[in-house]
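Undergrad: Could you build all of it, start to finish, from the sequences and the hints given here?
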Amino acid sequence: MGQIAVIAAPDVGRTVLGSCIGLVLYDPPSKIGAMAHIVLAEKQNRPGPPGKFADTAVPHMLELLAARGAARRRLIAKVAGGSAMFSGTGPIQIGEANYRSVMRLLKDEKIRIAGEDIGGPKGRRITFDAETGRLVVEIVGQDPLVL
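In the numbering used here, the protein residues as written are 15 to 161.
Note that these hints are calculated values from the structure, not bench results. Bear in mind the structure is a predicted one, so any value in this text is a computation, not a measurement. Treat the hints with caution; some may be incorrect.
[What the hints assert, rightly or not] With a cut-off of at most 25 Å between alpha-carbon atoms, the simulated DMTMM-like pairs for lysine to aspartate or glutamate come out as follows:
no.	residue 1	residue 2
1	45	130
2	45	25
3	124	157
4	121	110
5	121	56
6	121	77
7	57	143
8	57	110
9	136	157
10	57	131
11	45	143
[What the hints assert, rightly or not] Per label pair, the in silico range of CB-to-CB distance:
no.	residue 1	residue 2	range
12	74	24	34 to 44 Å
13	59	23	23 to 33 Å
14	60	110	17 to 27 Å
15	56	157	33 to 43 Å
We put the beta carbon where it would ideally sit given N, CA and C, even for glycine.
TA: Pasting the structure below:
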């Protein structure tokens, strides 16, 4: 959790998500992407790697991709996770807060959302294929979804 991986074809990246957000930024022509496992919306004064927080993960992913030759203007985003894993009626659910933060940051950076699978009561396993750009989302008891 909280990690960022740069994934270039023919490699594949995987992670398992609950209320966390799996964010993939991908440059189709170069077949290079970055995947983050975002745990919380904002770093504030908390310790942790850049991938743990939406507000530090997105800029760090952009830097990593640029260093590998990905063109920012061609980047697309795919987003999954943000489940309501814990019962409760607090003022805001962690998954929802994570999702809103990621979407705001992507909008600010003018990165197009190419697919998303968000919310619900169950966790997900996601697999990103840098060769094809496909993000496969698996939820127990459901058919896999390809974004």
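Undergrad: With reference to the structure, classify each hint as holding or not holding.
TA: To see whether the hints hold, each was checked on the structure:
{"no.": "1", "hint": "45 <-> 130", "in the structure": "holds, 19 Å"}
{"no.": "2", "hint": "45 <-> 25", "in the structure": "holds, 10 Å"}
{"no.": "3", "hint": "124 <-> 157", "in the structure": "violated, 31 Å"}
{"no.": "4", "hint": "121 <-> 110", "in the structure": "holds, 16 Å"}
{"no.": "5", "hint": "121 <-> 56", "in the structure": "holds, 16 Å"}
{"no.": "6", "hint": "121 <-> 77", "in the structure": "holds, 17 Å"}
{"no.": "7", "hint": "57 <-> 143", "in the structure": "violated, 29 Å"}
{"no.": "8", "hint": "57 <-> 110", "in the structure": "holds, 16 Å"}
{"no.": "9", "hint": "136 <-> 157", "in the structure": "holds, 14 Å"}
{"no.": "10", "hint": "57 <-> 131", "in the structure": "holds, 24 Å"}
{"no.": "11", "hint": "45 <-> 143", "in the structure": "holds, 9 Å"}
{"no.": "12", "hint": "74 <-> 24: 34 to 44 Å", "in the structure": "violated, 24 Å"}
{"no.": "13", "hint": "59 <-> 23: 23 to 33 Å", "in the structure": "violated, 38 Å"}
{"no.": "14", "hint": "60 <-> 110: 17 to 27 Å", "in the structure": "holds, 19 Å"}
{"no.": "15", "hint": "56 <-> 157: 33 to 43 Å", "in the structure": "holds, 34 Å"}
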